[in-house]
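Visitor: One-letter residues, chain by chain:
4 protein chains.
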Amino acid sequence: MPIRSAVMPGPGLPVEVRELPDPALEPGSVLLETVASEVCGTDVHLQHGRLEGVPYPIVPGHVSVGRVVESRGVEADALGEPLAVGDVVTFLDVHETCNACYQCLVARQPNRCPHRRVYGITYPAAEGGLGGWGERIHLKPGVRILKIPPGLTAEDVIGGGCGLFTGFAAVERSAMEMGETVLVQGSGPVGLAAAAFAGLRGAGRLLMIGAPTARLELGRAMGVDRTWELEETSEEGRREAVLELTRGRGADVIVEATGNPAAIPEGFGLLRDGGTYVIAGHYTDAGPVSINPHADINRKHAAVLGRWGTEFHHLVGALRLLARHRDRLPFARVVGGRYGLGEAERALRDVEDLRVTKAIVTPNG
Amino acid sequence: MPIRSAVMPGPGLPVEVRELPDPALEPGSVLLETVASEVCGTDVHLQHGRLEGVPYPIVPGHVSVGRVVESRGVEADALGEPLAVGDVVTFLDVHETCNACYQCLVARQPNRCPHRRVYGITYPAAEGGLGGWGERIHLKPGVRILKIPPGLTAEDVIGGGCGLFTGFAAVERSAMEMGETVLVQGSGPVGLAAAAFAGLRGAGRLLMIGAPTARLELGRAMGVDRTWELEETSEEGRREAVLELTRGRGADVIVEATGNPAAIPEGFGLLRDGGTYVIAGHYTDAGPVSINPHADINRKHAAVLGRWGTEFHHLVGALRLLARHRDRLPFARVVGGRYGLGEAERALRDVEDLRVTKAIVTPNG
Amino acid sequence: MPIRSAVMPGPGLPVEVRELPDPALEPGSVLLETVASEVCGTDVHLQHGRLEGVPYPIVPGHVSVGRVVESRGVEADALGEPLAVGDVVTFLDVHETCNACYQCLVARQPNRCPHRRVYGITYPAAEGGLGGWGERIHLKPGVRILKIPPGLTAEDVIGGGCGLFTGFAAVERSAMEMGETVLVQGSGPVGLAAAAFAGLRGAGRLLMIGAPTARLELGRAMGVDRTWELEETSEEGRREAVLELTRGRGADVIVEATGNPAAIPEGFGLLRDGGTYVIAGHYTDAGPVSINPHADINRKHAAVLGRWGTEFHHLVGALRLLARHRDRLPFARVVGGRYGLGEAERALRDVEDLRVTKAIVTPNG
Amino acid sequence: MPIRSAVMPGPGLPVEVRELPDPALEPGSVLLETVASEVCGTDVHLQHGRLEGVPYPIVPGHVSVGRVVESRGVEADALGEPLAVGDVVTFLDVHETCNACYQCLVARQPNRCPHRRVYGITYPAAEGGLGGWGERIHLKPGVRILKIPPGLTAEDVIGGGCGLFTGFAAVERSAMEMGETVLVQGSGPVGLAAAAFAGLRGAGRLLMIGAPTARLELGRAMGVDRTWELEETSEEGRREAVLELTRGRGADVIVEATGNPAAIPEGFGLLRDGGTYVIAGHYTDAGPVSINPHADINRKHAAVLGRWGTEFHHLVGALRLLARHRDRLPFARVVGGRYGLGEAERALRDVEDLRVTKAIVTPNG
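Residue numbers (the working numbering), protein chains in the order written: chain A, 1 to 365; chain B, 1 to 365; chain C, 1 to 365; chain D, 1 to 365.
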């Protein structure tokens, strides 16, 4: 049975619904019926052609939830939990990390393995149902599958989407200490997740700068103590407020989740001496920015840490915490709209124009 | 007996020899007869007025070696080693770290304690012999004294000078792994020390970019495998060479020790994905630089770490290693000239014009 | 005015109420009116003479809450918050850490500084009101004072008592990762606090072995998912249950908070390969235990980490989190009884016989 | 062509020379002509049947050096270096780490992956030439191959053998700081390598306890400052000496490399408060030992770290450092005897009876 899919034909072109051939399932593969996939900022960038090496046409949708409809001998998920037809799962979109190169074996940073490929981004539509904006998803052998923990819905997971894992990874990267003041720049899915997980990891105080107001309200619902609306406050005013809250020191940890280079000088001004600044929002090139190596890094004794990509343990940790603290993490509320396959183009526009924080694609209605 | 000292009267003014009053030694203090002090790049910046909050006139000379001539009840150095008149010692130039503030107690980063003061930099000449460019040095109660280990001369220590400890601290900050490729940008005292200690800490390969040629030769004498003279090579040529040496990956660890903002974009281009970049050369403000948050930090998954100030354990570690590997670390050769008190002004010019890598001041001849 | 105090005269002797002389307040000191102090397991050990170097007679009570009644020039707490007469504060019981020895300066582990002294333990009664079981407490210059954050009561703090900070420090020491399974051995104040903070730091699952039932109920109230009553379950049964919960792997992190050597072999049997085992319950010598270096440590690739003493940042972090999550951390419920000065002996018996988890002493009624 | 091999038929049985069938080389495999393999303590234990799950009969020899004689499409080693027939290589004896289980993906400790198999230990002879005590070695697809760096001989590598990598991994695990005092318990191949790498990683002082004298001499040749012969000194005498050298504190870091449980209580007595104790010598079960959880771990604030198994980056780092510092690391001198295939039994006896520190097997003469 062919897979009806929303396909991105190339940079600058609108999404089209096409039928992809029925995948030949090799041993070790699993076929999912898609429950929900997401539309994230990266998908907008993909349509504008802002990522390198994308083999258009592609089926977008990197983080997805599906129901197992067929399994070629896969009897457990990557944690060893039994897997059966009908189970609802997600999976690590990053695949084909080689475990054989310098990055994998010596640096032990598989997130920078040059052989990795990503569902919904670096597989061409010609290779089949390898993205979430289709009725079914073909999980090739070796894809890291994770059953959705009991008590979580697909919307809990997709409401956070890839931002859930990126935010989790950013907080992990910060190595923050219990009780510290954490400031998040940005209130999109990555920023919301970073704030949520910083709170779950023992932040003493949570601050957020972002826009628009509705997103900041979501932030507060996830535990943020104080928010500043970007357009309605001045950089100087924010700085004064943060310094006042911290007796002139600045935040212990800042997570950048904006994708806007202008956030970075502001961040340095808000960071305390010896603090940690995680840069997690610049997944595409938004241009350069000017910094002062003396004041911002050397004299400040700062740690500025990039955080790229998602690893399987981020999925595991994020979903465990989401399941444990579901009542305090209303990620399902982040979902601003549900879109069928034929509405994917509109979903992209709604995300790009900030009409919704997170759009989800439900190919099977 | 008054202390004959070379005094820096103020920004832009030449050094003058003056006599400072005989210090009143309080209980817990120690008086040293100066054996050697140093002239480092910071002293040049001090004379140009490039540091904030300097209480001119001052007696420069932050890292110094002296002989104990009088002790008011101090019977051991900070490691508990017995201390007697005649012993040759150095000491931590940073004093009055409070051990009572947020930086000291909560952040546990006393190097950013706002109460710290520095011999030779933030004490006014009016307070007495609190810098190394004088015949004697008044070590106030609580100054961290360290006996020079057997087998080391004053020139071994002052040949590295403050750069010895700054380089040591930069390597410590990198948390490099054994066998990694370490590249040092800069071949002044900090760069030479960073290279030396990276070699002693298990670098698999040591690279250095710097100038002039004589300094790069010192680098090779300290274990650097390959050097590039800054003026005689192009940025693109260096990049090609480093990538070729590393199979296209770049250096695992880079230590910036130049003070030149232009080094930073070059450094990012030479750093492997997931690598660590320590910024240790920007002790004064040399202006801003443009970086790309996406390519340089986020996608690269880089760790960019500022390293400010020296702590006592850096002195201990650096001198232990210097004593242990003295034959392989010719820091005494870094000394380009010895200057009496009346020649301090000339010493500053020789350092500023790169005629010598390290000038030492020997107030007692 | 003399200080009415409950004094422990010596090993094996009952507590007596005595009057100590009015302390002479030196500059930099603060006098507190005691609001509440605690009776912890250490106090029981003190009475039995199980700690070395205790200068009996002493005034017990190391962690205490008091109201400022007099201040000799102390205008702020150790975080820089303004301090005034009437403010309710706690303070770090450890004092006189020297910041000048190898442990303080080189190892940077002031918790093992040989010069440290502890309120309520290593000060003799003859030196005055230096313990919490008295109407007033004399905070000598340099004692690290911390204002109780708004919204917290003295009972919130003393209900956890020193166990609050010991448990916090144990979780910090574990360096646990978000989402991990954490098992706590012991359900006394240290075990309850360790579980509480592990939950606040992102544990994915919380397990506890302890006794009696009422304490395990407190554990569950603080977020523990599953408990085993020590007497009512077998070691083998607990092992089977933990392995079943973790697909045969064991817990990622275990915190020992029992003071019983027998807990340690059980702990190794419950720890997954590569897991972390924090030993935080053996504050007194309860004798040796047999371990297998091959199976328990080397082949298991285990990290076994002792955790001694409290540092100021533990107080800061613990109280910030306690204030932030007060509704989820019912430490005030841990208080099993309030005792006047004349009832201190009975309080010790109630703690020793496990009739109460935490007894508090309220010298002023 | 069949592979002439020295086969260990079963526990307690002498080694026999047998011919194994010519391996069928699958795509991705490499065939080596064996240059040298080793006889290590594990081989002695294997013959005595002290390891679990060994599929006798086996071809021993886990760490080996060989010359490529045939390659089925393998064009580069695991670092990307071009690989050609005639190249001399070593390889990671651990194979089939799954990169798909909890230990590999979530704990990120592939050294405890339950699916790993080890050349020379857990492959049966029936599967072919999967151990170094044969004329040729069949490197299955995915075996991590590493070219021997220029300037190193097979004896440099095999002189250290598996101990080289185990010692390297132990030092890595210690996370020692530059300038620290490191004590190694044991002077066999693991102890010698641990001392050598601790020296290359910046130890300030290196101490060793071991036997017999000839091995301690090797230790001193590798940089050890002071040695104690186990039989000729008393535990009390060693303790006094170590405390005297460290002003009563003890060693900062201790690496256990003895396999003798009795070493462990001695080690705790020699470790400074807050020190790190790596247990790397208990690769087989030599029985239990009694420790005191209070004094040895909790109050001492010790970190006791097991270190199991070798990972590929240990090979890379160790060989890079061995190549860089070959003149200071006379591992070739550790080789006490060369044995043909027919002499393997005698080699085992010589190792067991400590007649040689390291025996090497040279199947091709």
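The hints are simulated quantities; they were obtained by calculation from the structure and are not laboratory data. Beta carbons are placed, not taken as given, at the ideal position from N, Cα and C, and that holds for glycine. A hint or two may mislead.
Some chain B residues well away from chain C (every beta-carbon gap over 12 Å; in silico) [claimed, not checked]: (1) Arg-4; (2) Leu-79; (3) Gly-80; (4) Arg-144; (5) Ala-211; (6) Pro-212; (7) Glu-311.
Not close to chain C: a few residues of chain D, all C-beta gaps over 12 Å, as computed [claimed, not checked]: (8) Glu-33; (9) Arg-112; (10) Pro-114; (11) Glu-127; (12) Gly-248; (13) Asp-273; (14) Val-304; (15) Thr-362.
Here are the in silico distance ranges between beta carbons for each label pair [said to hold, decoys possible]: (16) D:Arg-338 / A:Ala-100: 17 to 23 Å; (17) A:Ala-241 / D:Glu-244: 55 to 61 Å; (18) D:Pro-11 / C:Gly-12: 53 to 59 Å; (19) A:Pro-150 / D:Pro-2: 44 to 50 Å; (20) D:Glu-75 / A:Pro-27: 43 to 49 Å.
Visitor: With reference to the structure, classify each hint as holding or not holding.
Guide: Verification of the supplied hints:
Annotated as non-interface, Arg-4 of chain B keeps its C-beta farther than 12 Å from every C-beta of chain C; the closest such distance is 31 Å. For Leu-79 of chain B, the shortest C-beta to C-beta distance to chain C comes to about 6 Å, within the 12 Å cut-off, and the non-interface label is violated. Remark: the non-interface label on Gly-80 of chain B conflicts with the geometry, its nearest Cβ contact in chain C lying 7 Å away (cut-off 12 Å). Not every beta carbon of chain C lies more than 12 Å from that of Arg-144 of chain B, the smallest distance being close to 7 Å; the non-interface claim is violated.
The beta carbon of Ala-211 of chain B is kept farther than 12 Å from every beta carbon of chain C, the shortest such distance being approximately 36 Å. Distance check on Pro-212 of chain B: its Cβ is at least 37 Å (rounded) from any Cβ of chain C, clearing the 12 Å threshold; non-interface status holds. With a least beta-carbon separation of about 8 Å from chain C, Glu-311 of chain B fails to lie farther than 12 Å from that chain, contradicting its non-interface assignment. With 12 Å as the threshold on Cβ separation, the claim that Glu-33 of chain D sits away from chain C holds: the shortest Cβ distance comes to roughly 34 Å.
A beta-carbon of chain C is positioned within 12 Å of the beta-carbon of Arg-112 of chain D; the least distance is around 4 Å. With a minimum CB-CB distance of about 9 Å to chain C, Pro-114 of chain D fails to clear the 12 Å threshold, and the non-interface call is violated. Annotated as non-interface, Glu-127 of chain D keeps its C-beta farther than 12 Å from every C-beta of chain C; the closest such distance is 24 Å. Here Gly-248 of chain D does not stay apart from chain C, with its beta-carbon only about 9 Å from theirs, under the 12 Å limit.
Interface exclusion of Asp-273 of chain D from chain C breaks down, the closest Cβ pair being 4 Å apart, not more than 12 Å. Distance check on Val-304 of chain D: its Cβ comes as close as 4 Å (rounded) to a Cβ of chain C, failing to clear the 12 Å threshold; non-interface status is violated. With a least beta-carbon separation of about 31 Å from chain C, Thr-362 of chain D lies farther than 12 Å from that chain, consistent with its non-interface assignment. Under the hint 17 to 23 Å, the C-beta atoms of Arg-338 of chain D and Ala-100 of chain A, about 34 Å apart, miss the expected range.
The beta-carbon spacing between Ala-241 of chain A and Glu-244 of chain D, approximately 57 Å, falls within the hinted interval of 55 to 61 Å. Between Pro-11 of chain D and Gly-12 of chain C the Cβ separation comes to about 57 Å, which falls inside the hinted range of 53 to 59 Å. With their beta carbons about 57 Å apart, Pro-150 of chain A and Pro-2 of chain D fall outside the hinted range of 44 to 50 Å. As the Cβ distance of Glu-75 of chain D to Pro-27 of chain A is approximately 28 Å, the hint placing it in 43 to 49 Å is violated.
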